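Residue numbers (my numbering), protein chains in the order written: chain A, 1 to 289; chain B, 1 to 202.
Where hints are given, some of them may not hold.
Stated by the list, open to error - Derived pair list, reagent style PhoX-like, types lysine-lysine, alpha-carbon separation capped at 20 angstroms: (1) A:K87 / A:K74; (2) B:K112 / A:K87; (3) A:K133 / A:K156; (4) A:K156 / B:K72; (5) A:K119 / A:K87; (6) B:K72 / A:K99; (7) B:K72 / A:K74; (8) A:K226 / A:K214; (9) A:K156 / A:K183; (10) A:K214 / A:K74; (11) A:K119 / A:K133; (12) A:K156 / A:K171.
Source of the hints: derived by calculation from the structure; they are not laboratory data.
Small disclaimer: the values here were computed from a predicted structure and weren't measured.
Read off the chains here:
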Amino acid sequence: MHYVLVFALLFVSIAAAALRPVDLPPMHHPVNIKPSKAVNVPKDFPLNHRGEIVCETCHGIEAIEDIPFDEVDKYAPGFLREGPYAKSTAFCYRCHEEKAYRRQNIHDLLDAQGNYDEKSCEYCHQKALDPEKEYTREQLKLRLPPETICLGCHLKTPHLNALNHLLKPGKKMRRHMQAAERKFSIILPLDEQGRIMCVTCHAPHERGLIGVNKPAGNQVAGGDLKEGVVYEDHPWNAVYRADKQARLAKLQGNATPVTLHYRRLRSEVLLRLSAKDGSLCLACHEFDR
Amino acid sequence: MKGLILMMLLALLSPPLCATDEAEKEKRWWEKRHQRTDIFYPHAAHQAVMEEDGDACLRCHPFNGSDIRDIKRLQAINVIANEPLREICHSCHVVRLSAPWRCDLCHDQPQKIWPLDHNFNYIIRHGEDSRLDESTCRECHLDLSFCTDCHFRRDSSRNGSRHRVHPLAYISAHGLEARFDTASCGRCHNAGYCSDCHRRRP
């Protein structure tokens, strides 16, 4: 009888351990699920014997499930199978169909006739507003504070040199910015703490939605919103890349490689002033020498 | 009298006004730099030529799209991305000489950029190197006056006779040496140097 109880307890604890949900880091793909028919898992990405997604399906590191999360080498070549990937979403699309997950460009607000869908406004505003009217920041009824609302879709660091701009400009720079606002009839809004934010430089609305004669609607012209920002290589690009690549290689180790380019802007969109001719930068920066 | 002493005491104990001004003074962007202190890029001086060439800030300060979330790594990449590139700067300032070529315009201290052997009393040993490969010297010393400022000095008080190329009153004796070894004259003088005088006094 005693032995039966011991065996029963042992069986229950083993079963409980097997059924216990796996603790995964936040924003992690679920495991122990069967991929649906819409998902095409490559043959080299192993599933378990029940055909379920497990750690080894995505990670090529041996016994990764036994390694504590903060000790996993995220820059190891096999961290993501057949990696490294220049963009993390590129790995998702190894199994998921890219087209099905492509998000709507909510900045693309106007149709061919110049009309807009109020639903698009409600991505960011609690309620669609009249583009002809002028509003205070409170009246805009944004779903999140303006300094964080972009992060719903974009990274906090969506491009190089973004992070070192999210600062509070000094008094002299603020005066220079105010002069630029008057000179070019634009707005360069700061957040509640007086810091630079994405929309200080980027205009969130498609050109034409808010009248371009209004400071809030004034922005660069000529770009294609569907095409986005377009660059062209400078003749020095090869020399520049060779120089930077050697130093980047030392820095990145096994991390996803980064390539820097020496290039010119060919076309630009959704910017309050032109970065192509530097006037956007010079709205804040001024140089004595 | 007591009032005067009190006022003096108050003046001494109150915080100095200049310190407040200093604290409030906004640092200029290059004073805030911590990445590279050995190179200075005079932005305003380049503005006109960049406009002329159709270039702007983003050429050297790239805003490439990136999905790097590791802030430390991103900051390190930003530093590398924003640094001036020697070859590109030197193409105008050293190779083509289409821009001013004074090193101290961008490099604050020559010690930071010169070869290591220059740190060890190189002035005594430079002669041999310059005779072996003068082109290496000219990579930095673009102006011949860097040599002639010493070698053409006629006063012996500073340089001593061993640094002098020509002895005093050499103008009277130079003709003979010029016939022996014209090429040695040509190392420093071009043909115009001769003809300037000889045209007048054949």
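Hint check results:
1. A:K87 / A:K74: OK: K87 of chain A and K74 of chain A at ~14 angstroms, within 20 angstroms.
2. B:K112 / A:K87: violated, 39 angstroms
3. A:K133 / A:K156: violated, 30 angstroms
4. A:K156 / B:K72: holds, 14 angstroms
5. A:K119 / A:K87: Given that 20 angstroms is the threshold and the Cα spacing comes to 30 angstroms, the pair is violated.
6. B:K72 / A:K99: Distance ~33 angstroms between K72 of chain B and K99 of chain A Cα, so the pair is violated.
7. B:K72 / A:K74: This hinted pair holds, its Cα atoms lying about 15 angstroms apart.
8. A:K226 / A:K214: Violated. K226 of chain A to K214 of chain A sits at ~24 angstroms, over the 20 angstroms cutoff.
9. A:K156 / A:K183: Violated, at roughly 30 angstroms.
10. A:K214 / A:K74: violated, 48 angstroms
11. A:K119 / A:K133: Since the Cα atoms of K119 of chain A and K133 of chain A sit roughly 18 angstroms apart, the hinted pair holds (cutoff 20 angstroms).
12. A:K156 / A:K171: At roughly 25 angstroms apart (the allowed maximum being 20 angstroms), K171 of chain A and K156 of chain A break the hint.
In this structure, the earlier hints numbered 2, 3, 5, 6, 8, 9, 10, 12 are contradicted, and the remaining ones agree with it.
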